[in-house]
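**Q** Given next are the chains, with one letter for each unit.
2 protein chains.
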Amino acid sequence: MALILTFPESAERSRKLASDLGIESVSTEYKVFPDGEDYVRVPVDVKDIDVIVLSDLYPDQDRKIFRTLLLLDTLRDLGARRIVLVCPYLAYSRQDRRFRDGEAVSLKTLIKIFENLGADYIVTVDVHKPQAFSGSRAECINVEPFEKYARYVKENIGEDVIVLSPDIGSLWRAEKVAKILGTSYDYFEKHRDRVTGQITMRPRQVDVRDKKVLIIDDIIATGGTIREATKILKNMGAREIHVIATHCQFLNNADKKIIDEGVKSIICTDTIECNHSKITVFDIIAEHLRRLIT
Amino acid sequence: MALILTFPESAERSRKLASDLGIESVSTEYKVFPDGEDYVRVPVDVKDIDVIVLSDLYPDQDRKIFRTLLLLDTLRDLGARRIVLVCPYLAYSRQDRRFRDGEAVSLKTLIKIFENLGADYIVTVDVHKPQAFSGSRAECINVEPFEKYARYVKENIGEDVIVLSPDIGSLWRAEKVAKILGTSYDYFEKHRDRVTGQITMRPRQVDVRDKKVLIIDDIIATGGTIREATKILKNMGAREIHVIATHCQFLNNADKKIIDEGVKSIICTDTIECNHSKITVFDIIAEHLRRLIT
Chain A
889 MALILTFPES
899 AERSRKLASD
909 LGIESVSTEY
919 KVFPDGEDYV
929 RVPVDVKDID
939 VIVLSDLYPD
949 QDRKIFRTLL
959 LLDTLRDLGA
969 RRIVLVCPYL
979 AYSRQDRRFR
989 DGEAVSLKTL
999 IKIFENLGAD
1009 YIVTVDVHKP
1019 QAFSGSRAEC
1029 INVEPFEKYA
1039 RYVKENIGED
1049 VIVLSPDIGS
1059 LWRAEKVAKI
1069 LGTSYDYFEK
1079 HRDRVTGQIT
1089 MRPRQVDVRD
1099 KKVLIIDDII
1109 ATGGTIREAT
1119 KILKNMGARE
1129 IHVIATHCQF
1139 LNNADKKIID
1149 EGVKSIICTD
1159 TIECNHSKIT
1169 VFDIIAEHLR
1179 RLIT
Chain B
889 MALILTFPES
899 AERSRKLASD
909 LGIESVSTEY
919 KVFPDGEDYV
929 RVPVDVKDID
939 VIVLSDLYPD
949 QDRKIFRTLL
959 LLDTLRDLGA
969 RRIVLVCPYL
979 AYSRQDRRFR
989 DGEAVSLKTL
999 IKIFENLGAD
1009 YIVTVDVHKP
1019 QAFSGSRAEC
1029 INVEPFEKYA
1039 RYVKENIGED
1049 VIVLSPDIGS
1059 LWRAEKVAKI
1069 LGTSYDYFEK
1079 HRDRVTGQIT
1089 MRPRQVDVRD
1099 KKVLIIDDII
1109 ATGGTIREAT
1119 KILKNMGARE
1129 IHVIATHCQF
1139 LNNADKKIID
1149 EGVKSIICTD
1159 TIECNHSKIT
1169 VFDIIAEHLR
1179 RLIT
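Chains A and B are the protein sequences, given in the same order.
Residue 889 is where the first sequence starts when you use this note's numbering, and the numbers rise one by one after that.
Residue 889 is where the second sequence starts when you use this note's numbering, and the numbers rise one by one after that.
Read the hints as simulated data drawn from the structure, not as lab findings.
A hint or two may mislead.
Unchecked claim - Partial pick of chain B residues on the chain A-facing surface, computed with a CB cut under 8 angstroms:
(1) 929
(2) 957
(3) 997
(4) 1006
(5) 1130
What the hints assert, rightly or not - BS3-like mimics (lysine-lysine), calculated; alpha carbons at most 27 angstroms apart, straight line:
(6) B:1067 x B:1166
(7) A:1145 x B:919
(8) B:1067 x A:919
(9) B:1166 x A:1017
(10) A:1000 x B:919
(11) B:1067 x A:1000
(12) A:919 x B:1122
(13) A:1000 x B:935
(14) A:919 x B:1017
Ideal Cβ positions, reconstructed from N, Cα and C, are used throughout, including at glycine.
Here chain A stands alone, though its shape is the one from the complex (with noise of 0.2 angstroms):
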């Protein structure tokens, strides 16, 4: 026995995704009280039964944090067999280690507070860096959508794509996208210029003169580093530049303001929905939960 329980504003994907689990989507009964505070209730019983908790994390993450947190617990406390929870996209995922002396490791808090009210598993998409779930008591699992970018790519835009990482830290996910379609990878290497500190970067060896260029990244936030790889791409002559990105946030018109540096296409998933959302990735991480709950 298996249900998903899910917060109001996600019942309309929940269901899709118990649709195809073959089990029932139920919202939690969820309010915010004048003061702030919010308010949640399991409102069938989840005694001996594995849930699946379907939590969107994105925007205001404390907020959804918190209220899952309530949800977790409660879970427990009315004897839910196993528990695991689903959140497409992960906050605070980009701090995930210290890079700073005294700095909270973000990411860290978050599971281990996950895991210390029930999580059993933990079901995320492309997470910004997959090492980060080593040493989790709770199971991790990053669901990874390169053969999904893969195919759209090919059908879409064609084989003849250079895919570039705006970063070495990107690098796995061009090279894994880059592999399926048997075609040429690189990343952009960043230089700090020793007198004026200025940071200039360029892909480090191919050559993108009258190429196809595909960009890939995990999280588009405010863009900048979007636009400025778009930058130097164009004065490098390339024909055609196309981004693709697992978590849409565009901050601040990003979308807008890297379309109008001239990328040609924006391809996200739905992981945070929004106009760019052309690759769904519910059907993957269902993929992954027919082998949890079976």
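Position chain B relative to chain A; hints supplied.
**A** Using the frame of chain A, we list chain B on its own:
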């Protein structure tokens, strides 16, 4: 060795508290990223040091809770000796039990997370129901401001005051203050009309005609109950009505509405700072902390 760590907006009250204790106050480095995520950094060495975390949780409770969780976990990582979490106003304190099947017991979840992340002590002021702390692993300290209330009332309103709690849940507060003052106390009983469903309330036994009355409660949110009690007391011929409450939220100009209803004075503490914060609780918090850190 001990120090106080706080967030920037609480720096002033933190410095006062620290000066009372003869220790240092340090502000956590804190910012919000463009996408809405918190960044927390401890800018000092805390290894083997007792750390008092002063964390104000209102308004914007979920954000302030989450950044506090980040700070607690970081302090544990950095080897702090004992961690004393001071939340003068403890968010979610009214949701301290399961009023309906399936409800989150939000306060229990919150305390559990604080404990799990390493808070050895949790200090708060006049929590909604002190019983809610039973069963906590961390030592929970409920700072009671009632002696200060009695002193304030004696000096500013007089000793001939009837102390009333708006419901039976707050009766123990009325009793404590009244006993110090050597005066009488009572609570409002609520009756629901079986036919109309309308709720009426009135003091159980005490006669308020021509008397000064002090209504006491822990939190004023919308102030609806206080206004209702005031109406009834006026109809019953009370001479003067004063209101004392520990935590003032005053949603939607609740304080103005209470005054308009005929209340002569509103007295609050500074757990949440407002125009009616006439009593400080930080000196009594300091007394408790002094015992913990020496």
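**Q** With the threshold set at 27 angstroms, check whether the alpha-carbon distance from residue 1000 (chain A) to residue 935 (chain B) stays at or below it.
**A** holds (22 angstroms)
**Q** Quickly compare the C-alpha distance for residue 1166 (chain B) and residue 1017 (chain A) to 27 angstroms and report which way the hint goes.
**A** The hint is violated at about 51 angstroms.
**Q** Classify the hint on residue 929 (chain B) as holds or violated, based on whether any CB of chain A lies nearer than 8 angstroms to its CB.
**A** It holds, given that the least Cβ distance between residue 929 (chain B) and chain A is near 5 angstroms, below 8 angstroms.
**Q** Would the pair residue 1067 (chain B) and residue 919 (chain A) pass a check requiring their Cα atoms to be no farther apart than 27 angstroms?
**A** Given pair residue 1067 (chain B), residue 919 (chain A) is violated - Cα atoms ~40 angstroms apart, limit 27 angstroms.
**Q** Going straight from one Cα to the other, do residue 1145 (chain A) and residue 919 (chain B) come out at no more than 27 angstroms?
**A** Since the Cα atoms of residue 1145 (chain A) and residue 919 (chain B) sit roughly 25 angstroms apart, the hinted pair holds (cutoff 27 angstroms).
**Q** The hint names residue 957 (chain B) as touching chain A; please verify it with the least Cβ-Cβ distance against 8 angstroms.
**A** holds (6 angstroms)
**Q** Does residue 997 (chain B) pass the interface hint, meaning its C-beta sits closer than 8 angstroms to a C-beta of chain A?
**A** holds (4 angstroms)
**Q** Are residue 1006 (chain B) and chain A close enough, Cβ to Cβ, to be under 8 angstroms, as the hint says?
**A** violated (11 angstroms)
**Q** Hey, residue 919 (chain A) versus residue 1122 (chain B), does the alpha-carbon distance stay inside 27 angstroms?
**A** violated (35 angstroms)
**Q** Residue 1000 (chain A) and residue 919 (chain B): Cα distance at most 27 angstroms?
**A** The hint holds at about 22 angstroms.
**Q** Interface hint check: residue 1130 (chain B), Cβ to nearest Cβ on chain A, cutoff 8 angstroms. Holds or violated?
**A** With Cβ-Cβ at 23 angstroms, over 8 angstroms, it is violated.
**Q** Measure nothing beyond the straight line between the CA atoms of residue 919 (chain A) and residue 1017 (chain B); if it is 27 angstroms or shorter, mark the hint as holding.
**A** Holds, at about 23 angstroms.
Hint compliance for this structure: hints 4, 5, 8, 9, 11, 12 are not met, and every other hint is.
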